[in-house]
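> Residue strings, one per chain:
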Amino acid sequence: MSTPLLELRKVTKIFGGKRDYTVALDDMTLVLEEYFPKIIAVVGESGSGKTTTGMLLLGFYGPTMGQVLFRGRPLHELKGAELFRFRREVQAVFQDPFAVYNPFYKVDNLLSIPIKNFKLARSKAEARELMEDALERVGLRPEETLGRYPHQLSGGQRQRIAVARALLLKPKFLITDEPVSMVDASLRSTILKSLRALNQEFGVPILYITHDLTTAYHISDYIIILYHGSVMEAGNVDSIIRKPNHPYTKLLVSSIPWPDPDLPWGGTEEMIQKSQVAFKAITGCKFAPRCPYKMDICETKAPELFMPERDRVVACYLYRDHTVLPREELSSVFAQA
Amino acid sequence: MSEPVLQVKNLKVYYYVEAGAVKAVDDVSFTLDFGVKMGLVGESGSGKSTMAFALMRMIKPPGKIESGQMILDGIDLLKLSEEKMRQTRLRKLAMIPQGAMNALNPVMRIDKQLIDGMLDHGVIMSKEEREARVAQLLEMVDLPPKVAKMYPHELSGGMQQRVTVAQSISMEPDVIIADEPTSALDVVIQRQVMETINRLQQRLGLSIILIGHDMGLMAQSVDRLAVMYAGKMMEIGETHAMFRDPLHPYTRLLIESLPVLENKGVFSGIPGITPSLLNPPEGCVFHTRCPKAWNLCQEATPEFVEIKPGRWVACHLHTA
Amino acid sequence: MRIPLSYVFKRIGFLVAVLFTAATINFLIPKLAPRDPVQELVNQKIASGGLTSQGAAEFRDSLRKLYGLDKPLWQQYLTYIWNTMRFDLGYSIVNYPVRVDFIIGQTVFWTLGFVGTSTILAFLIGTVVGALVGWSKTSKWFSWLMPPLAAFSAVPAFIIALVLIYFLAFKLHAFPLRGGYSATIVKDWSSTEFLLDVAHHAILPALSMLLVSIGGWSLGMRSMMVTVEGQDYITFAEAKGLKGSRIFFRYALRNTLLPQVTSLAMQLGLIVSGASLVETMFSYPGIGNRLGAAIAALDYPVIYGIVFFLVVGIAVATLVVDLLYPLLDPRISYSGG
Amino acid sequence: MQRGQGFKGFLNYIRRNPAFGGGLLILLLLLLFSTVAGYFVPKEGAYPLFTTPKQKPSAEHPFGTDSVGRDLLPTLIYGTRMTLSIGMIAGCIGLGVGTVLGFMTGYFGGLFDTIVKFFVDVLMTIPSFLLLITISASVPNPEEMSVIQMALILSLVSWVQPTRAIRAQVLSMRERAFVMMAKLSGMSGMEIIIKELMPNLLPYLAISLAGAVNGGVLGSLGLQTLGIGNLREPSLGMTIYWLRYYNAFLQGYWWWIIEPVIVIAAIFIAFLLISIGLDEFANPRTRRTV
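Chains as they are written, first to last, in the working numbering: chain S, 1154 to 1490; chain D, 2 to 321; chain E, 386 to 722; chain L, 410 to 699.
No lab work stands behind these hints, which were simulated from the structure alone.
One or more hints might be untrue.
[As the list claims (entries may be wrong)] Okay, derived cross-link-like pairs now, DSS-like style, lysine-lysine, Cα gap no bigger than 27 Å in a straight line: (1) S:K1346 <-> S:K1163; (2) D:K293 <-> S:K1346; (3) E:K525 <-> D:K65; (4) D:K265 <-> S:K1191; (5) S:K1259 <-> S:K1277; (6) L:K465 <-> S:K1269; (7) D:K85 <-> D:K65; (8) L:K465 <-> S:K1232; (9) L:K592 <-> S:K1232; (10) S:K1272 <-> L:K604; (11) S:K1454 <-> S:K1272; (12) D:K13 <-> E:K556; (13) D:K61 <-> E:K628; (14) S:K1323 <-> S:K1277; (15) L:K592 <-> E:K556; (16) S:K1403 <-> D:K265; (17) D:K65 <-> E:K556; (18) D:K265 <-> S:K1323; (19) D:K65 <-> D:K113.
[Said to hold, decoys possible] Reference excerpt, derived from the structure (chain E facing chain D, CB under 10 Å, subset only): (20) R396; (21) F399; (22) S521; (23) E623; (24) L627; (25) R639; (26) L642; (27) L643; (28) V646; (29) R716.
[As the list claims (entries may be wrong)] If you want the ones that stay clear, here's a sample from chain L, every Cβ over 12 Å from chain E, calculated: (30) P457; (31) S467; (32) A546; (33) K592.
Predicted model only: the values in this text are computed from it and were never measured.
All C-beta atoms in this analysis are idealised placements derived from N, C-alpha and C, irrespective of residue type, glycine included.
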């Protein structure tokens, strides 16, 4: 088996000091292959560790325990040419379509600097052509966008330029952190469509980080549900959204506000009431304090990843009769069609 | 049909900037009936937040309420003195703010913040009565009594938002304006807060204007829906009818662009960008992005008319 | 609210570090300088004819012994730190054998009186004025106060003192020109006449400090007020239909006080430095004037002693403000430091 | 934040920010006074025994003379020049050191940051003026101190404030998304500091410079007033020292008092206006004219 492009190996990330700390990510292993042109959604509420996962993979945070590897080498050891290759091959689209722009420069910089640094063009004219081509692909007119300052464009336009940047760079892997959550509803689908195109036409694998189950369902092939830094459920997105197994996923899915007055919020009243309980660091299942199906074992020992079906795993003792998938092999469920 | 509790007629709110007047709310009219939850939905720049502050009469310079009427219980709010308007807030017209995190005074305990609104509206209470009232308010929004002695930063986002909900019902107002009360919250918490608001609405017989951008949330929680675009009212109607048969092309496109279970992988958006409110397009403000636009749309602004009982729309397709 | 002990210990630890650094600087700088105060003093005595060359050598040796200068450097350092810890700051050279701590004891209360009073007054007046000017609902009339106050805040107090002395003391004879009390009066702290005389003498120095500080406090307060007025909790307070006075005092003022108190802690050093120069201008019998006199006479033990004493005073005052701060701000995180 | 183009844009900006413009104008006038005027007024007049002492302002001596025969016009011209030079040199050194330390510690963090932060915290608690007294009182032959020596002594403390201010700004900025984007675009740490952070911090750097120069002038003035430093060469601090030494206010020599006070006040007010103006530029949110 070849070395994976990116890998989280038994990574734990803790923020804060000795007494006042939060476990953002708890013993997570995730293998992301180079030629696996699928979209994996990482879904969770705030504090679930989904953004931390992205930041770790991009090398912006270091792990507290475990390793983050790029082509088999720990990220923090990368220097010179290796680091350069990592930056070239792993790219990102962030949430805030304003903050990614340095207010001092025109929006062109977001496209022209990587072209220059990664030597994607031999001449100014060629660079310009690349930029214009990428902008047109995301439905922007270059003459209306290039040469402007970020504040002169709308949020939707700015975010589309950020996606154009990813299109232009055609990275080996793209991490998108809530790319549409700060964009108006009418413009979201344009951005999602561009991401989908990047994935399907150029075969770029995407990690789609979001709190929004509906867009995750629509754009991705696989899904990982995180809760307080631990995987609750993972696997094929269709099966999981249509028939959630884990009580937490059930709660999430039933809380989706579908834009259809005839499809009201489902009745999981008891869980809804309970989920007000504040989270406490515990040894067992993280969801136990909120879980209506809680058993004694849930509080003492965190559940393994049980495999009720070939294309999904669920970390819940309700499924303990099924085979156990070792945590390190989480990514293998994504290989199942 | 029930009695209208709030009537807004031809309201105009402009912001005066160097380059001219930004028409944030431009000739908007609607009626809110007693005991009804109405959603006011719009994207950024549609004027929905300006609408909220206009209703509270809290537009700050360079903004100004140009003209119009806002009649609450038969009284035109725009004709009230500053002091009378202050007394109207909370007592008759309360607000649930966006982002409760920043809306609570960080250095004041929750009980003090819950009670001071009542004190400034002339409610006289003994110490015991205050404590009882605070406990009662907290109970109504499903918060434990110990929250009273806590500071805002000790509460989670959902709990903070519940505190602002408790605050808004403390004087049992006629109308509550909820300005994107759950936009900063996770889906589960969002649902809890919305369900709390719904329960209170039924228990206290409140009329609510829920301002937001999320059609999904609207579908789940309101009786009537009003759609705004670029400072103008596009369509108003009963929620079911609006989703089943949207009359305005904007409403239709907005609904269609939202993902549902059945249309996985279909990404249909509204082409183009929202127009500048400084120089809105001639004619219908939506014609630049409307797939059904015809020559009349560029020339004449469509009237906002009631085409069947309770259903209003501003579109030449239906009125011309 | 209770202040955790760990926070207190942390602040005290920092205080010790400050004092240790200050003592070390005090010890090291004279050693680094190619200057021999003892020899200079001996030369002075010879020049004034008070010593023969034979006596000079003996006098010099005895002085060296007295100041411990005959011992190795590290021993001198340890002795110095030990003595400093016991607040034994040595003897004045010029007024030998007067002890430095005696000099400090004689002067410190004068300084404490006039600096303390003027600082508290300025802080209160400045804060109120700044709050009123910054609050958009108060009369525009207040904003006319700002330019003159701001101008005064820029100019050093001892420069303003010069003008006050000339006009109010010399020209109008409204106040005494110099000193802490009249030479003709009996120094008796229990007599009203003496106390009034002291107050009369303190007014001009205090006024110089006041004019400068009021402007500074009100400038800071005004800009904080403008910032706070833009906060959501003010908007929501208005939406609650609160009375203007309650919003002003309980919501706006209460929140602006926090940064104002922080800046009081930061400004203490500047205030004391400024007051030292003002005392010199008025020949006020305080510690600053004594420092000026010591500098003029090159009385090094007195200079270093007074400087060290002032550093201790300021560091302790800062500590007190630091420890009181959490009482004002419930959000403070103690663990962060 | 719209940036105007060229000189016209600058003038346009000044019009909208009168504090900044006013401060700049006063400073410019002071600089003209202390440099250009020097070509017409010889420096000899700024030393004792130049002319008849204790004269009121007259046609011959428009600023009057002091009690040892200095002509106050050249004294103030050359004094302003010297005091401003000391302040500016000390301020520039302070800002230079502060910028390097602030960016390095703020952006890269680590042990170096911990050490620098500790010293900055300690030095913030110890009043710099008292530190300056200790240091400069120990210097041999303070009465012959040159402009550079004085400035160097002042710069021993003038780096503390800029370091603290710049570090804080860098800390708040380095987590911003555009810095992450720059990293993803293959920029190195130094490149990010210079090309991405510096331009955004220009107003803060300017505020720090104004503050550091202001501190330098204040420090030199205070030291000389106490009699530390060169009291022979003309400077504003020297003027204050001698007018107090000769009790100018007991003799009613109003011109000797008022003139340096006006110059000194003008310097500090110019710095105040400039920093208020710059502050408005850096935080347009708190815009409100004085």
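> So which of those numbered hints doesn't the model satisfy?
1, 6, 8, 11, 12, 15, 17, 19, 20, 21, 28 and 32
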